[in-house]
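Chains as they are written, first to last, in our numbering: chain A, 1 to 271; chain B, 1 to 579; chain C, 1 to 463.
Hints are computed from structural coordinates only; laboratory data are not their basis.
Owing to the predicted nature of the structure, the values given are computational and were not obtained by experimental measurement.
One or more hints might be untrue.
What the hints assert, rightly or not - List of simulated lysine to aspartate or glutamate pairs, EDC-like, C-alpha gap at most 20 Å:
| id | chain 1 | residue 1 | chain 2 | residue 2 |
| --- | --- | --- | --- | --- |
| 1 | A | 118 | B | 576 |
| 2 | B | 330 | B | 76 |
| 3 | B | 573 | C | 277 |
| 4 | C | 356 | B | 35 |
| 5 | B | 392 | C | 460 |
| 6 | C | 273 | B | 576 |
| 7 | B | 166 | B | 59 |
| 8 | A | 118 | B | 465 |
| 9 | C | 362 | B | 138 |
| 10 | C | 66 | C | 94 |
| 11 | B | 39 | C | 94 |
| 12 | B | 152 | B | 138 |
| 13 | A | 137 | A | 159 |
As the list claims (entries may be wrong) - Some chain A residues flagged as far from chain C (calculated, every beta-carbon gap over 12 Å):
| id | residue |
| --- | --- |
| 14 | 37 |
| 15 | 129 |
| 16 | 132 |
| 17 | 204 |
Just so it is clear, CB atoms sit at the ideal spot from N, CA and C, and this is done for glycine as well.
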Amino acid sequence: MDMTTQGIQIAQPFVPAKPNAAKVVARSVNVHYGEKHALKDVSVDVPDQAVMAFIGPSGCGKSTFLRCINRMNDTIPICRVTGKIEIDGKDIYDPALDVVQLRARVGMVFQKPNPFPKSIYENVAYGPRIHGLAKNKTDLDEIVTTSLEKAGLLKEVKDRLNDSGTSLSGGQQQRLCIARAIAVSPDIILMDEPCSALDPIATARIEELIDELRSNFCIIIVTHSMQQAARVSQRTAFFHLGILVEEGETEAIFTNPREERTRDYITGRFG
Amino acid sequence: MTDTSMQTTATPIRRRLDTTSPEAQAAVRRRYRAEARFKAYGLLAILTAAVFLVVLLVDIVSKAMPAFTTTALQLDVAVPGDLVPPDQKYNPAAIRSADYLPVMREALRTAIPGVQGRGPERTLLRLLSPGAPDILRERLAADPSLIGTTFKVPLLLSATADLYFKGAGTPIIARAGRGSATPSGTSGTITVTAPGNDFSENLVTLKLAVAERARTLAAEAERTARGNAPNAAERANELRAEAAALAARAKDPASAEALDSSLPTLLAEINGGLVKISQLAANRIEGDVLLRLATADEAKPGDWRIVTYATPESGRKITDLEVAFLERFKAKGHVESGINWRFFTSGDSREPELAGIRGAVVGTALTLFVTLILCVPIGVAAAIYLEEFAPKNRFTDIIEVNINNLAAVPSIVFGLLGLAMFLNFFGLPRSAPLVGGLVLALLVLPTIIIASRAALKAVPPSIKEAALGVGASHQQAIFHHVLPLAMPGIMTGTIIGMAHALGETAPLLMIGMVAFIVDVPTSITDAATVLPVQIFLWSDLPELAFKAKTAAAIVVLLVFLFIMNGMAIWLRKRFERRW
Amino acid sequence: MTTVYFITLACLVVAGYIIAARRARALRPSSGAAVHSLPTYHGLLAAASLIVPMILMFAIGSPIVKQLATSSVFSFFPPEIANDPLQRGVILRDVANLLEGRYQGEPSAALRDAAASYARFFWTGRLVVLGTGIAVGMAALLLVLSRISASFRARNHFERFVLAVLLLCALVAILTTIGIVFSVVWETYRFFFDPSLKGRPTITDFLFGTEWNPQAALRADQGEIKTAYGFIPLLTGTLLITFIAILVAGPLGLFSAIYLSEYATPRFRAWAKPILEILAGIPTVVLGFFAALTVAPLIRGWGESFGLDIASESALAAGLVMGMMIIPFISSLSDDVINAVPQSLRDGAYALGATKSETIKKVVLPAALPGIVSAFMLAISRAIGETMIVVMAAGLAANLTFNPLEAVTTITVQIKTILVGDQEFDSAKTLAAFALGFVLFFVTLMLNIIAQQIVRRYREQYD
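Please model the complete structure; the sequences and the hints are all you need to start from.
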C-alpha cells in the first residue's frame, strides 16, 4: 500500500469524489474555541442523496465540523469559524444569510433524543409552523402524518398524537426527533451520534430508517461505532486531533485505508 | 533494605496507638462526650429558633383572639314615629342622617330604669360605641315601616365595655347576707343596717389591708430617709406619721373604715338595687346608690348579697358604675357576643371597636398589584437578557454585580429613593399605592431576576438546541420552549418576592403611607395604607383595645404570608421536573 | 386625555398589526424562494413601530405641555406674587381646585383668567400631542407597510426590537442604583454644602460630634435647645444593637447550620428547614411588635426582680429579637458554604480516626471559614439596615452608651423619625436623614462587596 509514504502529511490533497454531485463543499475550515484550535484546515465534499459518516476518536473534531454545517456553533460565544462552507454553491457564512433559514434547510438530530416536552403532534408541527409551511390545519396535519410516516413512527403513535413526546421510549423519541427534522423538508440532515443513547434493537431501526431516507436527503452522520459507519454510509471521513485524515468510499476506507492512522483506528489499536 | 536495618538499630520511632490502657479508654470516652456535647449544641440552637417561633406565634395569636369577637347589647329599641319628617320616611339618606342619640338613650333607660342625673346617664350612654346605631340605621333604611315600632336590635358596645366582657374587668365575688338588712332609702347616699353583723368579715379583711398599707408606708418612709432628696427627713417624718395613724386604725376592730379606689370595691345588692359602700362598720354601711332600689323595705336573710369587685377601681380601666351597669345588662341577658365581622369590612377608625383592616387590605392589594405588573415583566425580561442574550463583557458583569448588591441594600434606602425621586422629583402623589408599588417593585426586582435566571438555567440546553435545530431563531427557541418550561420556577420566585413585598414596612413609611385613612381606597392614586403599616400605626396607639387589633391584623398578615408561601411550595413540588 | 391617547394607541396598534399581517399573508414569493418571515412577524413589527414613537411622543410632550400651561398661569398675577415660590404653589393649587370644581369661596378675576388660560394651554397642548403622536405613529406604520415584501426580514427586525426591550429591562437595575446614589448623594451634598441652608453642620461636626438633636429650634422662642448633628451616638447605638443581635444569631445560626448539614437526618431536615424559613419570612413589623410588647416588658420585669433598672426600650430587647431574625439568614448562608466543602477533606480526617465533631472543628470549619466570615458580614449589614424592629422596640433619644440595658437609638430609627410626617426639602433636618441614608447605603454596600469578594475567592478555591 502506498499510504505509508504520505503518513506524516497533515492534510489530504483534495480529490473530488464525484464532481458536480457535491451538496456540501467545505474548504479550509478552521474552528477555534477560545485558545483551542479544534478543527484544522478541513476540506471535504459531501455528496447528495447519500449517507456520509464522520468517524474518529472522541474530541477529534467530527462533531464540531458537523455543527459548522448548520452553524450551531454560533450559539457558543467563544467559538470562531474560518474558511468556507457552501451548500448548493452558496456560502453559508455569508453575513447576509439568515441563519434561521439555513437551519430550516439543514436539519439536525442530536446525540440524546431531545423531544420538546409537548405532545407528539406539537413536536413535529413546530418546525412547519414557525416557517409558515402549512397553509391551514389540514395541511399541517398532513405534514405531521407524512413526517411521522417517513420516520417510521406513525403506526406506533397514530392513536396518541396528543401524548407527550417524552412519554415515548428512547428509540421512538429519536425517531420522533428525526420526524421533527424532516417535517421542514430539509435538504440535509445532520445526525450527531444519533444511536449512542439507544439499545441495539432501537439502533437497528434507526439505521434502517437512515438507509430509507438516503434517497431523498443528504445525510451526514457522526458515529463512534465503525460498524455503524460501515453499515449505513456510502462515504466515510476519518478525523483525528482536529484533522481530516482520510476521506473516501466507505468500502475503501474500511478495507483498504490509505493512512496508517486510519488503519490503526479501524482495527482498534487506538480510539 | 538498608532503611529497615537503620530503623531497627535506632531508637524505636514507630509508635502504636494505645487502645487498651484505662487512660486511653478514658481519653476515647472524653472524645465521645465532646462529640455528644457538640451535637447537642447544634440541636439546641435549632430548638431555640423553633421555640422562639412557637412563642412568637402563640403570643400573637393569644393577643389577637379578643379582637375577633365583638360584644353588643340586644335591646328593645322604640323608634319614635317622628324620627324623620313624615315626607322623608322613605328616603334612606334622611333616615341614615337622623339623630339616633335620643333613641338609644331611651332604649338604655328602658333597660335600666331609674338611672338619674346627667353623670350616670352619660356614663351609661358612653358604654355604647359611637357606631352603635349603625345596625339600627341600616335596618330602618332598608325597611322604613319599622319606624314607629319597637323591636330588638344589637347595639355595639364601646371598646372598654367590650374588653370588660373579654376579661379585662375584675373578678366578682358575691355572698348572701345571713341576717336581715334595711336600707334607709332608695337613691342618693343611704345607709344599710344589718343587725346580724354581716359586714364583720369584710371589715377584718379591710383592716388587714389597712395594716398592710401601713407597713408599706413605713418602709417607704425609711427608704426616703436614707435617700438624699433635699427634704428627705421632712418627707420621711410625714410618711412615718401617716403610717402610724394607719396602723392604729387597723388595730381598732370597732371603728368604721372608709373605702377608697385603691381597695377592692364592696357593694350591697339589695331590693333590686346596688349600693357602693363608702363607710363600713360591722353592722352598718353607708354608701351611694349605683342602681336604684325598688323599695326601702327590710330585706330578709338570704335575699340580699354583699358583692366584691376584687380589682380596686384604680387598677382597672372601668369604673364601678360601669361595671354595675354592665353586670346588670348581663344579668338581664342583654349581652351578646359574636364574630367581629366589622374588623374585616370597615376601614380604620379612632374608635378601636369600629376599626377594621379593609382599607389596609385593599391598599395592600392595590400596592402589590402595581408591584406585580411592574416587576414580573421587567424582572423576567432582565433575567432572559442576562441569561441568554447578554454578551460576556464588562458591562454585563457590572449589571450582574449590581443586581446582587441591590438585593442587599436596606429597604429603608429604597424608601429614600421613593421619597427623593418619585415624590419630590417626579411629583407623584404621596401615600398612594402607585408609589408604594413602584418602590416595592424596585425592592423585589433583584429577587425575581435572580430566581428567574436560576429557573432559566435549570432548563436543559438540549431543548434549546432542538428548537434551533429545526430552524427556530434564538428568540423563538427561548420564548416558545425555554421560557414556558422555566415558568413554574419563575412563578415560585415571584410569589416569594411578593411575600417579601407584602411584609415590607419601612420604605412605605418614607413615602407617606402612614396617614390615618378611614376611607377604603379605590384607585392606585388614592391615599392608602397597607397592612404592615396599619400594624405599625395601631401598635403605637395607647388604647388597650388596639393591642388586640394589632395582633389580629398581624394574624391576618401572617395568614396571607403562609398562603403565599404554601402556594410557592406547592408549585415547586407540583412542577418540579428532573431532567 | 391620557386615557384617550392610550386608547388611540391601542386601536392603532391592533389595526397596524392586522393590516401588516394581512398584507404579508397575501404575498407570493417571486422566484421560488419562500416568504422570509411569517405574517405574524410583519404584524408585530408594525405594532412595535407604532408603539415606540407614540410612547416617546407622549413621554416628551406631556411634561412640556404641563410646563407651558403652568407658566402661563403666573402672567395673570403681579410679579411680587408670581416670583414667590410659596405663592406659586398656592396659585397652582387654587387653579387645580377651581378647574376640578372644588374651590372654596369666590375666585378672584385673576385666578379665574389664570385657570382659563391653564385649561386652554393644557387642552390645546394635549390635542397637539395627540395629533403629532398619531401622525408620527402613522408615518412609522406606513414606512413598515411600504417595506413589506417576500424577502423583507420582518422577524429579524422585530427580534432586534425585542432584544432592545430586554436590554432596557436589564438596565432598570442599574437605573435603580443610579437613582439611589443620586438621591442620597445629592441631598447629602446639600446638607453639608448648600449655602442657603440654615444650621448645616460641617462634615467633621457630623462624623465626630457626640450629640444628636435635629428636632430643636424650629421657632425663635425655642432657641434654648441646641440643634446638633453629631453622628457618633447613632453609630454606637446601631453598633450596640447589631452586636447584641450577632451575639445571639452568630452561635445559634452557625450551630444550626452545622447540625443541619452534618448531623441531621433527612427527616429532621425536612422539619427544621421550613421552621427556619418561616422564621425568615416573618415580617419585621411583626417582630418589632413582639419585641416592644412582649420581650421588652419581660426583660424589664426580669431585671426588676434582680433589682436592675432596665429601660423599657432597652437595646437588649431590640437586639435579642433582631438576633432571632438573623438566625435563619446566617444558618442558610453557612449551610451553603459548609456543604460546599469537598467530601474528600472530611474523608481525610475520618480516615485518621477523628470523630465527627473533631472533623468539623478542625477541618470543615477552617475550610469554610471565608464563607462563614462573609455570611457574618452580610448578617451585620442586614442588622445595620433593619428598620422596623428598632423603630418599634428601640428608643428615640440619642444616648452615647454601651450599656445594653439603656435605651439607644439607631441610624434607621432617626431616618424614619425625621422623614415620617411632613417634611420640607429645604430644612437641614430633612437633609440630615438623607445624609444618614447615605452612610447606611455606603456601609452596607461596602460590607456586601467585601463579602461577595470573599465568597468568590472561596468558590474559586474549591471549584
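- Would you pick out the hints that fail for this structure and give their numbers low to high? When the structure is compared with the hints, numbers 9, 11, 15, 16 turn out to be violated.
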